[in-house]
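Protein chains: 2
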Amino acid sequence: MLWTKTFIPTIKEVPQEAESESHKLMLRAGLIRMLMAGAYSYLPLGLKVLNNIQRIVREEMNNSGANELLLPALQPLELWQKTGRDKIIGEVMIRFTDRRGRNLCLGPTHEEVITDLVRQHVSSYKQMPLILYQIQTKFRDEIRPRFGLVRACEFIMKDAYSFDADEQGLDKNYSVMHEAYKRIFKRCGLDCLSVEADSGVMGGKVSHEFMVPAACGEDIVLVCPKCKLAKPFKEEKVLCPQCKVELEKVSTIEVGHIFKLGTKYSASLGANFLDAKGVLSPVIMGCYGIGVSRLVATVIEQNRDQQGIIWPKEVAPYDVLIIPLEITDGPIMEKAKELYKLFGDQGLKVLMDDRDERAGVKFKDADLIGIPVHLVLGKEFLKSGNLELKLRRSGEKFSFSAEEVLNKVKGSLDGK
Amino acid sequence: MLWTKTFIPTIKEVPQEAESESHKLMLRAGLIRMLMAGAYSYLPLGLKVLNNIQRIVREEMNNSGANELLLPALQPLELWQKTGRDKIIGEVMIRFTDRRGRNLCLGPTHEEVITDLVRQHVSSYKQMPLILYQIQTKFRDEIRPRFGLVRACEFIMKDAYSFDADEQGLDKNYSVMHEAYKRIFKRCGLDCLSVEADSGVMGGKVSHEFMVPAACGEDIVLVCPKCKLAKPFKEEKVLCPQCKVELEKVSTIEVGHIFKLGTKYSASLGANFLDAKGVLSPVIMGCYGIGVSRLVATVIEQNRDQQGIIWPKEVAPYDVLIIPLEITDGPIMEKAKELYKLFGDQGLKVLMDDRDERAGVKFKDADLIGIPVHLVLGKEFLKSGNLELKLRRSGEKFSFSAEEVLNKVKGSLDGK
Numbered sequence: 001m002l003w004t005k006t007f008i009p010t011i012k013e014v015p016q017e018a019e020s021e022s023h024k025l026m027l028r029a030g031l032i033r034m035l036m037a038g039a040y041s042y043l044p045l046g047l048k049v050l051n052n053i054q055r056i057v058r059e060e061m062n063n064s065g066a067n068e069l070l071l072p073a074l075q076p077l078e079l080w081q082k083t084g085r086d087k088i089i090g091e092v093m094i095r096f097t098d099r100r101g102r103n104l105c106l107g108p109t110h111e112e113v114i115t116d117l118v119r120q121h122v123s124s125y126k127q128m129p130l131i132l133y134q135i136q137t138k139f140r141d142e143i144r145p146r147f148g149l150v151r152a153c154e155f156i157m158k159d160a161y162s163f164d165a166d167e168q169g170l171d172k173n174y175s176v177m178h179e180a181y182k183r184i185f186k187r188c189g190l191d192c193l194s195v196e197a198d199s200g201v202m203g204g205k206v207s208h209e210f211m212v213p214a215a216c217g218e219d220i221v222l223v224c225p226k227c228k229l230a231k232p233f234k235e236e237k238v239l240c241p242q243c244k245v246e247l248e249k250v251s252t253i254e255v256g257h258i259f260k261l262g263t264k265y266s267a268s269l270g271a272n273f274l275d276a277k278g279v280l281s282p283v284i285m286g287c288y289g290i291g292v293s294r295l296v297a298t299v300i301e302q303n304r305d306q307q308g309i310i311w312p313k314e315v316a317p318y319d320v321l322i323i324p325l326e327i328t329d330g331p332i333m334e335k336a337k338e339l340y341k342l343f344g345d346q347g348l349k350v351l352m353d354d355r356d357e358r359a360g361v362k363f364k365d366a367d368l369i370g371i372p373v374h375l376v377l378g379k380e381f382l383k384s385g386n387l388e389l390k391l392r393r394s395g396e397k398f399s400f401s402a403e404e405v406l407n408k409v410k411g412s413l414d415g416k
Numbered sequence: 001m002l003w004t005k006t007f008i009p010t011i012k013e014v015p016q017e018a019e020s021e022s023h024k025l026m027l028r029a030g031l032i033r034m035l036m037a038g039a040y041s042y043l044p045l046g047l048k049v050l051n052n053i054q055r056i057v058r059e060e061m062n063n064s065g066a067n068e069l070l071l072p073a074l075q076p077l078e079l080w081q082k083t084g085r086d087k088i089i090g091e092v093m094i095r096f097t098d099r100r101g102r103n104l105c106l107g108p109t110h111e112e113v114i115t116d117l118v119r120q121h122v123s124s125y126k127q128m129p130l131i132l133y134q135i136q137t138k139f140r141d142e143i144r145p146r147f148g149l150v151r152a153c154e155f156i157m158k159d160a161y162s163f164d165a166d167e168q169g170l171d172k173n174y175s176v177m178h179e180a181y182k183r184i185f186k187r188c189g190l191d192c193l194s195v196e197a198d199s200g201v202m203g204g205k206v207s208h209e210f211m212v213p214a215a216c217g218e219d220i221v222l223v224c225p226k227c228k229l230a231k232p233f234k235e236e237k238v239l240c241p242q243c244k245v246e247l248e249k250v251s252t253i254e255v256g257h258i259f260k261l262g263t264k265y266s267a268s269l270g271a272n273f274l275d276a277k278g279v280l281s282p283v284i285m286g287c288y289g290i291g292v293s294r295l296v297a298t299v300i301e302q303n304r305d306q307q308g309i310i311w312p313k314e315v316a317p318y319d320v321l322i323i324p325l326e327i328t329d330g331p332i333m334e335k336a337k338e339l340y341k342l343f344g345d346q347g348l349k350v351l352m353d354d355r356d357e358r359a360g361v362k363f364k365d366a367d368l369i370g371i372p373v374h375l376v377l378g379k380e381f382l383k384s385g386n387l388e389l390k391l392r393r394s395g396e397k398f399s400f401s402a403e404e405v406l407n408k409v410k411g412s413l414d415g416k
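So the sequence lines, in the order shown, correspond to chains Y and F.
1 is the number of the first residue of the first sequence in my numbering; add one for each residue after it.
1 is the number of the first residue of the second sequence in my numbering; add one for each residue after it.
Because the hints were derived from the structure by calculation, they are not lab data.
Predicted, not measured: the structure shown is a model, and the values here were computed from it.
Treat each hint with caution, since some may be false.
Because identical chains cannot be distinguished in the list, a pair is counted as satisfied if it fits within a single copy or across any two copies.
Under the rule of at most 16 Å between Cα atoms (straight-line distance), these lysine to aspartate or glutamate pairs were calculated in the EDC-like manner [claimed, not checked]:
hint : residue 1 : residue 2
1    : Lys126    : Asp354
2    : Lys126    : Glu357
3    : Lys12     : Asp354
4    : Lys126    : Asp356
5    : Lys182    : Asp275
6    : Lys5      : Glu396
7    : Lys24     : Glu13
8    : Lys5      : Asp219
Based on the sequences and whatever the hints tell you, model everything.
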C-alpha cells in the first residue's frame with residue numbers, strides 16, 4: 001500500500017481527551033477516531049490490526065474444534081426474561097420497543113440466544129461435545145466509557161459456548177479453551193495472567209479471568225514477584241505458599257473470561273438431551289469470552305515506547321515500511337518501487353511512505369505507527385547503493401546492499 | 001470438516017413460515033435460523049457462504065483502490081439532524097436515549113458519519129481521490145420483514161464512499177465502482193441488470209441499481225427480451241429503441257445501488273477542501289452500497305433446483321463433499337479418510353458426511369446443501385475400487401479409480 005493512496009491521519013500533538021497511553025497512541029497513529037464517547041471508527045490501519053487479532057482468535061478456536069457462527073445483535077427481551085437476566089444485567093443492556101410493539105434489546109452477550117438455538121437442534125448425547133463461537137459486535141449502555149477501546153459502548157467480542165453431556169466433557173472443553181486462550185494472548189504479544197475469579201452475572205461455579213498487566217488497568221491482581229502465581233485481590237496481605245513472599249498488587253486489564261456454567265441456562269430455557277441410558281437431562285455448558293477490540297488497546301499498552309507503538313509480528317498492520325527520502329523520479333524512488341513490488345510478490349505486507357514530507361516527519365511517523373521493519377533509502381543509497389534497515393523494537397540499524405535486502409528483511413521478521 | 005463435528009441441522013420438511021424458495025432452502029439446508037422475524041442466526045454453513053461473498057466484495061473493492069475501515073453502528077442523532085435526514089428517514093431508523101441522556105440511533109447507513117470523519121482530515125485537493133468502504137451490520141425498524149435475509153431488521157452491507165475534488169473525479173470513481181459491481185455479482189454466480197434509478201433519500205442526481213431477476217423479487221424492471229436493455233418501471237408499455245420490441249416486466253431483487261451524491265452531505269456538514277487555485281469548496285461525493293447478507297439469498301434464488309441449492313464455485317461453503325456409505329472401520333472409511341486428508345493438503349475445502357445415516361438421507365442432504373462436487377464411496381468401491389463423482393449442477397456422474405480422483409476433482413472445479 002502507498003501511504004498517499006490510503007488514509008493514515010497521524011497527529012503530532014497528544015490528544016487531550018485520551019487518558020491512557022494506548023488511547024493516545026491509537027489516536028496519534030491514525031488507528032481510530034472517536035465518533036462520540038464510547039463509539040469509535042476503525043481507520044484502515046486500526047482495522048488491519050483488529051483483523052489480525054481476529055485471525056489469530058479464529059485459527060486457535062478452529063484448531064480447538066470450535067465451529068464459527070454469527071448470532072444477531074437484535075434480540076427479543078422475552079428470552080432474557082426466561083433466565084431472569086433482564087433484571088440482573090439491568091440498565092447496561094440497551095432496550096427499546098420497535099414499531100411492531102416488540103420489546104427488543106441489543107445483546108451484551110449471547111448465552112440466551114445460543115442456548116435457545118441448541119435447544120432446538122441438540123437432543124442426544126451423540127451430538128455432543130459441541131463448541132460454537134462467534135466474533136460479533138456487542139453493545140453496552142456504559143455510563144463512563146473510558147480509555148478508548150478498553151471500555152466502550154460498542155465493541156467486538158469473541159464469545160464461545162460449549163455443550164456437553166457430562167461434567168467430564170465440560171472439564172475437558174474448559175481446559176481446551178484455557179490452553180487456546182494462552183496461545184491466543186501469546187501470539188498477540190501479551191504477557192497474560194490467568195486468575196481464578198468470581199462468576200458474577202454469568203452464574204456457574206468455576207471461572208478464570210485472563211488479565212494483562214497495564215498502567216491504565218482498573219482491575220487489581222495479586223502476583224508473586226518470584227513465581228508469577230496470580231490470585232484475585234480480596235485482601236491486602238497474601239503470602240505465596242511456594243515462595244513464602246508477599247504477593248504484589250498489579251493493575252491489569254481483563255482480556256478474557258471463561259466460565260463453567262453448568263446447567264444454569266439449559267435448565268431455565270429447556271435445552272435437554274437424552275443420555276446413553278435414555279434419561280432426559282439439561283445440557284452442561286461453558287462459556288468463553290475474549291474482548292477482541294479491547295485487545296488492540298491492550299497490545300499497545302504492553303508494546304510501546306516513548307516514540308510510539310511497537311507491533312508484535314502477528315498483529316502488525318504491515319511487515320515492512322519502505323521510506324524513500326526523495327519521492328521525485330530518480331534512483332531512490334526507482335529502487336523503492338522495485339523493492340515494494342519485490343516484497344509484495346514474496347507475500348510480505350508492505351507500506352511505502354511516498355508522501356512529500358521531510359525525512360524527520362517520516363521517521364517520527366514510522367516510529368509512531370510501529371511497523372516492525374523500516375527500510376530507508378536516502379543519501380547513503382545514492383552514495384554506496386546501500387539501504388538502511390531499522391528494527392522498530394530494538395532500534396538496531398543495519399546497512400545492506402540492495403541484493404541482500406530481501407533475505408535480511410525476511411530474517412528480521414522471522415527473528416521476532 | 002467432518003459433518004459430525006460441526007453443526008448442520010438439515011430439515012426434511014418445508015418450513016411453513018418461509019415465503020420464498022431461497023428462504024425455504026436456507027432453513028432446510030441448515031444455513032440460518034430465525035431468532036425472531038427480521039433477525040437471523042447464521043449457522044456454520046451459512047456463515048461460510050457469507051464470508052465467501054465478503055471476500056469477493058473485499059477483493060474487488062481493494063483492487064479498485066478503495067480502503068477498508070469500520071464505522072460504529074451507534075451514532076449521535078445530532079449528526080443526522082445536521083443533514084435533515086433524521087426526519088427524511090423517519091421511523092425506520094432505530095432511536096433511543098442512553099443513560100447519559102444522549103439521543104442515539106443505530107445507523108441504517110453512514111453518509112453522515114463518513115462525511116464528518118473526512119471533514120476532519122481532508123483539507124486539500126492533493127488528498128483526493130479517496131474511496132473508503134466498510135462491511136458492517138446495519139439496523140432497520142422494518143415493519144414487514146420478509147423472505148429471510150432479503151428484507152431483515154439486522155443485515156450486513158458493504159457501503160463505500162468516494163471523495164473527489166471535481167466532477168470528473170466523481171465520474172471516474174463512479175465508473176470504477178460500476179465495473180467493480182459487475183465483477184462482484186458475476187463472481188457470485190448472478191445474472192444482474194444495471195438500471196438507472198431514482199436517488200430517493202440519498203439525494204444526488206445520478207444513480208444506478210443492480211437488480212437480480214428472481215421469482216420473489218418485489219421490484220419490477222423492464223427488460224428487452226432481445227438485447228437485455230433494462231429500464232426502471234414507470235409506465236406499462238415501453239419499446240426497446242434498438243430492437244423495436246416491447247420491454248417485458250421482470251421481478252427483481254435489488255442487490256446494489258450506486259449514487260452520485262455531489263455536495264449534498266459535504267455542504268451540510270462542512271467538509272470543504274482547498275482546490276489548486278486556493279478556493280474553498282465542498283468535497284464531491286459518491287456512495288456505493290451492496291446488500292451483502294441479502295446476496296446470500298439472492299444467489300440461491302438463481303442457483304437451485306427441485307432438490308436444493310447449487311452453489312456457484314466461489315461462493316460454495318466447501319468445494320467437495322465426500323460421502324462414505326459405510327462409516328464403520330473398513331476399506332470405505334479408510335479410503336474416505338485418506339482422500340479427506342489428501343484434498344485438505346491440496347488446499348481444497350472438504351466436508352465429509354461421516355454421519356451414521358442411510359445412503360438415501362446422505363444423497364438427499366448432499367443435493368440440498370449444494371456443494372459443487374460429490375464423491376461417493378459405496379458398493380462400487382468395494383467391488384472395483386472405483387469412486388463415483390457427481391457434479392451437483394449438471395447432475396453428471398463419472399466413475400474413476402482412486403488414483404485419478406484428485407485430478408478429476410480439480411478439473412471439475414476449474415471447469416465451473
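Check: Honestly, which of those hints from before does the structure not fit?
Finding: Violated hints (numbers, rising): 3, 5, 6, 8; every other hint is consistent with the structure.
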